[in-house]
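Participant: So the protein sequences, as listed, match chains A and B.
Heads up: the first sequence runs through residues 67 to 267, numbered per our numbering.
Heads up: the second sequence runs through residues 1326 to 1646, numbered per our numbering.
Don't read these hints as lab results, they were simulated from the structure.
A couple of the hints might just be wrong.
[Stated by the list, open to error] Listed next, the in silico DMTMM-like pairs over lysine to aspartate or glutamate satisfying Cα-Cα at most 20 Å (straight line): (1) B:K1406 x A:D225; (2) A:K214 x B:D1379; (3) B:K1329 x A:E236; (4) B:K1390 x B:E1349; (5) B:K1450 x A:E202; (6) B:K1457 x A:E236; (7) B:K1645 x A:E236; (8) B:K1364 x A:D127; (9) A:K239 x B:E1479; (10) A:K218 x B:D1361; (11) B:K1507 x B:E1428; (12) B:K1357 x B:E1337; (13) A:K229 x B:E1479.
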Amino acid sequence: MALSGTETDIINCVARLRLATKDQIRRQVGFSLEYIGFLCRDLIRRSYLGFSEGRYFLAKDGINVLLAGETPKIDRKLLKEVAEEVAREISGELKRTVKGIKIPVPMNIGIKKDTGFEAPPGERIKINTDFDFPIEDESLILESNIDKIGIKIEKEKSDDMDKTVRLFKEIHKKGRKGCSRLKTINARLKASKDRYKKVKV
Amino acid sequence: MFVKCAYKEGDEIVFKSQRNAFFEVEHTDFTKKILDNSKVKYIIKEDNLYVVGDEALQFANMFNKDTRRPLSKGVISSTEKEALPIIELLIKSVVGEPAHKGEIVYFSVPGEPLDAEFNVLYHIKIVEGFLKTLGYTPKLINEGHAIILSELAEEDFTGIGLSFGGGMVNVCLSFMSVPIFKFSVAKSGDWIDQQVAMAVDETASRVSAIKELSLDLSKEGGLSKIESALSIYYNHLIEYVIENIKQEFAKARRLPRIANPISIILSGGTSLPKGFSGRFKQILDRLKLPIPVGSVRRASQPLRSVAKGALIAASADESKK
């Protein structure tokens, strides 16, 4: 027979307090003293709780319920406290065991941070800030005869180059205007699609 | 496989370049003298002597070994311990001193790789910081985008630029000079060299030499073992790149309406073999992109177009001042 929510609360409360009186349970869980007593007697009958010297404690099935993760009966705060206590007890033992063991770290660690913000797919974040990164001239320590011998030189006439540069400046301006207009059109299209989706829903 | 710089001098564009490869040889005074007399470029660091440039490839072939590269897959090599000082020296040797303090220099960067677990931020910051140390105002330009600036002025800088470099293939779709998408894949010339070397039991340096000197992708019969293997891997690389472009089209959320067929420009050292653009067109016709494609052609100067595109961007920027 599955546990009700109130029964689970009682078990969690007893687990937290280790040994709990009826009054302590009442104060934590709520309800009247008589009703808490009634539920606790039933839990004792079903081996979830035990009773000794006026206090309730977890019995075998009560401990099993606490450890089982299938239904949301686990008090996460309690679980954390128990886990911390266990960790403290065995940490000394762990430290002695793992000392000297080296774990190699892979080159590519794909650490994914959950930023809570999802950028729309395909949109890249642009890094706008920049910083000067001074680079030392490491070639100064090198000795070479390259300057003495000279390097390969080729020449060609630059007939059309000035025209090309002028053309580039004109077309580049037009091209950038065109692309920003295209961005605006696409943004408006997307906004109207989103409105349509909302209306459809 | 080259570090290249372009600048304007009078009515000419000057290109300075240095192969990005080095090879360690025995460090003795005698060796140093021979190298000086033979005009072979070298670098000395502590007790080590490194031959640098085209000759490094020759030395490597002679000793049946591979060259060492300060750049790997288009970015500063994380495994090559001499990478930083050597790449700084190579950059310094091609860019020289700034003409005036704060002169603008555009440096090309690869796009974020779709198929590799690294990003290019470290590379960008190191190169940027180093150019600032030299007295420049560095700005960056995507490698694929630079090709579009260099080759598609007549088409309003609209099209796809592909740079088949040593370590990566860079791709950029541009509409009126504005990049719509850009990315890279970490398979390119070096990958072909390594795969073919494994397949035919040769060194990557030797395969690279054959690839650069004699490979003809339009040839159908009478191929040597290495040439056949190169042809196979070239096919694979081209198909791989086109499939990735199709995927990017599918993912892109904001595609402008491109009314006319666009041009595709092929560039970079790995696109140099004869027949490359024909092979690319063949595979593209089979796989088809979701937008109409007009011409597929190689850049007028495939080894210079990235540097030229960067120069165009820098000139445009400098003229705003």
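Participant: For a C-alpha distance cap of 20 Å, please report whether K1507 (chain B) and E1428 (chain B) respect it.
Facilitator: violated (27 Å)
Participant: Sort out whether D1361 (chain B) lies within 20 Å of K218 (chain A), counting only the CA atoms.
Facilitator: At roughly 17 Å apart (the allowed maximum being 20 Å), D1361 (chain B) and K218 (chain A) satisfy the hint.
Participant: Does the structure keep K1450 (chain B) and E202 (chain A) at a Cα separation of 20 Å or less?
Facilitator: holds (12 Å)
Participant: Do the alpha carbons of K1645 (chain B) and E236 (chain A) lie within 20 Å of each other, as the hint requires?
Facilitator: holds (12 Å)
Participant: Holds or violated: are the alpha carbons of K1357 (chain B) and E1337 (chain B) at most 20 Å from each other?
Facilitator: violated (36 Å)
Participant: Please verify whether K239 (chain A) and E1479 (chain B) have alpha carbons no more than 20 Å apart.
Facilitator: Between K239 (chain A) and E1479 (chain B) the Cα gap is close to 16 Å, so the pair holds against 20 Å.
Participant: Does the alpha-carbon distance linking K214 (chain A) and D1379 (chain B) stay inside the 20 Å limit?
Facilitator: Measuring from Cα to Cα gives roughly 17 Å; hence the hint holds.
Participant: Between the alpha carbons of K1406 (chain B) and D225 (chain A), is the straight-line distance 20 Å or under?
Facilitator: Not OK: K1406 (chain B) and D225 (chain A) at ~43 Å, beyond 20 Å, violated.
Participant: Is K1390 (chain B) within 20 Å of E1349 (chain B), Cα to Cα?
Facilitator: holds (11 Å)
Participant: Does the alpha-carbon distance linking K1329 (chain B) and E236 (chain A) stay inside the 20 Å limit?
Facilitator: Since the Cα atoms of K1329 (chain B) and E236 (chain A) sit roughly 27 Å apart, the hinted pair is violated (cutoff 20 Å).
Participant: Measure nothing beyond the straight line between the CA atoms of K229 (chain A) and E1479 (chain B); if it is 20 Å or shorter, mark the hint as holding.
Facilitator: holds (10 Å)
Participant: Would the hint linking K1364 (chain B) and D127 (chain A) be met if the CA-CA limit is 20 Å?
Facilitator: violated (91 Å)
Checked against the numbered hints above, the structure breaks hints 1, 3, 6, 8, 11, 12 and satisfies the rest.
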